[in-house]
Every structure is written in structure tokens, then in C-alpha cells.
Amino acid sequence: MINPQQWQRHIEDSKDIFFKRRFDIFRAFEFSINYSLFYNSLIESKLIEASREVFGTDSPPGVAIFSFGAPARKEMFGGSDADVAFYRAGNDTDKELRLREKFVELLQGFNFTKVDTPIWGTLGDIQRYMTTSVTEANQVMEAQFVCGDPGFGKSVEQLRASLYDKDVIARNLVFQFFYFDQYYTKKASPGHLNLKYCAGGIRDLLFPMWYAQLKEGIDRNLKTTALERGLNALYKDELLSNKELIDILRYSSSIAFIRDEVIRLTPGDMDGKLTSQKAVEVYQRRLHLFESSQDIKRLVEKSRRKIISAKAKVWEGLCQYFAASKSKSWNACFKKALAQDNLELPSELENDEVINTARIWNFSAKSAKQSPYYIKSISNSDSWVVLASLLSNPHVSGNIIDSIIKRKGLTPGYEYLLEIAARNPNLKTGTLEFILEDDSTEPRFKKPALELAKRLKLWPK
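When we follow my numbering, the leftmost residue of the sequence shown carries the number -12, and every step to the right adds one.
Derived by calculation from the structure, the hints in this document are not laboratory data. Each statement offered as a hint is correct.
Below, computed lysine to any residue pairings styled on SDA-like, alpha-carbon distance capped at 25 Å:
(1) K313 / D224
(2) K202 / D224
(3) K202 / I233
(4) K434 / W446
(5) K393 / E424
(6) K322 / Y360
(7) K89 / Q(-8)
(8) K174 / G385
(9) K173 / Y184
(10) K393 / T118
(11) K101 / E31
(12) K322 / S312
(13) K433 / E92
Remember, it's a predicted structure, so these values are computed and weren't measured experimentally.
Construct the entire structure; sequences and hints are all you get.
This is the structure in C-alpha cells:
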């Protein structure tokens, strides 16, 4: 079995061998692709170890392990999360629960930034999240089979394929453009640059991947990085030249490498917060790769510009998709919503998720104040993206936030709304207490609410 200390030594030795000269940081994704194979071997070995203890066999029946996040995208470095989906055919029998617990326990000693294994994972759960949520649906869409029961793994892939819908992916993409931009402002700090959550940061690498999902469907056996697949989709649609594709891939690779170095130098930092001092430390650690600490900063800024340009091309391609697949009336209303024009929707578009999402995100304090009936009406929607958009908008009142959370926040499939609401400055104390007092949802969804309550000295009671 793989030893945690040997694992860490192997990662460092492999990096030292691979990254020998400055040019190599532009090839960092070659390292991450190979690293993903070793990571998958680790996951398989720990599932075997856990299965032998719980089931007495190497492969537990009706259990399939899928990677998601950076491991699934083949963009994982040593400092990444271990994002593991524990899908199972049963209804959480004692053995399945013990297997999951033992499996997670065995992964804890390998110095990942965290082991992220959602509690949900039955076929019913997968269908619920894919047809309701955006965040969890994204995890299912990008997931790659690693090990376990291959028959059940195929059942998961078949269910996912049956639920694939281009219009849903396009809708989700519109939401993500707005959501990420506002989330980056909340993560910004004058003391550092957050390499994960900033314009042109690591999180923006998701947009080309989502574009490929829109245009080419699900890749159940990804051979390269999800980013490269996405950039190739943009190239095929003549949105990128070959030179632009190569440049974006090279510079994305370099910022991913630098972020990993920052994380490794800063225990507890899961984002990669670059300061002048951290740039110095990275330079001193990798003298052969950089000319100076300022060289690292310049490289990061150039990488960000390249990634921002790729994201802009995704938006352009998304608008072309709408132009080709939607009516002229729809596209006219969408453009008005984006331009913050006063918008009277025709009856057939009153409940359109994409147009309402764009309209909500473009609310100013003045327009929100002038539209109480619209906001009240749309807050009764069952659309995840519409409700998440309302909860993200700083001009939506605490009463509206309270009504959404108490109506939908604890409903299976909508739990991530609890996280979004906890970041809105208009959240009322009563709503915060409602979230904290609930014990029916997975603890991960209440983490931002708990952090807020601690800052306000409302928790622990």
C-alpha cells in the first residue's frame, strides 16, 4: 500500500525532475496529466484497502469512485484538493457508510489541501442535482470514473448522458459569468492576489471546459486537460487562432504551477494567496525557473490577461449559440437585460431563466428599489439560477432573502443556496439563525453561515 510520506517525497522528487528550466513551467499541465494517473492509483489502492476491511473483497459491489474538480480535469498538482465522488447503488446501508468513512480516513494522511467527498451519491441524488442545481451538477458533469464496480460506474455515466441538455449548460454558463465576477470581489484583498479567485485566475479556467460541454457534450474518458479540450472547442468554432490557443494553454499552465508553489509554502492556504513575500519565497525555492520574484509577478499578470481573453471568447461563443438556437425576440430581450434597459417581457418569456438571471444581476440599488413587485414575484420561482441570482445581489432585501431560504434553502438540491445567502450583506440575523439551527443538511452547506456567526459573535451560543 502507498505510504503518505513516500507519496509526498515522490511528488517533490517528480517536480524536481520535471521542472528543470524556465521553459518547463509553460508545460506544467504535462506534469498534472501524469500526476493524475498516479493520483488515480492512490485512490484505487485506498478503496481496495477500505473494501477489504469492510466487505472482505477488493471491489465493493455497487460502489463507483469518480473524481471531480481538478483531479477529473487533469489539472491537479500536489497542493490540490482530493475531490472524490463516492457513488453507490444502495440506500446508504451500514456497510456502504462504513466503507465511505474508512476510505476518507485513509486519504486524510496524504497532505491534500482537503479531502472533499460529498455525502450524497445515489442515482437519485445525481438526478436531483443535475436537474435542480448548478454547483453540484457541474461536479457530476466533469466527473471521471476511477475505480470500483465498473457496471455501476456505467450506470452513472448512462444516467448522466440521459440528463445532458445543451440549453441547461448554456443557462448555467450565463449564471456562472455573473456569479464568479461578484464572488471574486468578495475574495479580493489589498494585501494579496488570490490566484484561484480573481479575474484571470485558476477558477476562470473552467469556462472553456463548460464551453466544450456545451458544444461537444460530456467526455467520459478525458485524455488531456479539460482546459485544453475547451480551448480546442473554441479553436474549432474559429474563436481562437492556433497561436492564441497555444499561448493561453502555456500561460495558464504557468499560473497553475505558481499557485501550487504558494499553497505548498503556506499551510492552510487553499486558494494560493500571492504576496510580495510569497513571490520571494517561490523564487528562492525555484531559482532555476525564474529570473527574480518580480519575474513571477509579471508572469502571473500576463497569464491572467491570457485567461481573461479566453473567457471573453467563451462569452462570444455563448452569444453565438443563443443567436442560432433562440428566436429574434428572445435575443432582443436578452440584449436589453444585459444593457440594463427597462424591460417589459412578452408573456411567453416572463419565466425565462436566462433572461431573468441577466436582469437580476444587472439590478442597481435604484432599479431594485423601483421593482419591488417583480422581485417579490420572481422570488417565488423554483429555478435554482434565478434564486441564486437574487441571493447574490447586494440590492435585494433581507426579507426576500429570508423568504427564499425558508421556502427552498433546506430542500434537497437547493442546499447550496445557504452558502450564497450567508455571503449577502443583507442577510438578517433571524435567517442566519434559521440556517444554523437546521440539522437536516450536509454541514458543508452551512460553513459560510457558521463563519459569519462567529464573526458576529452569535456562535457558539
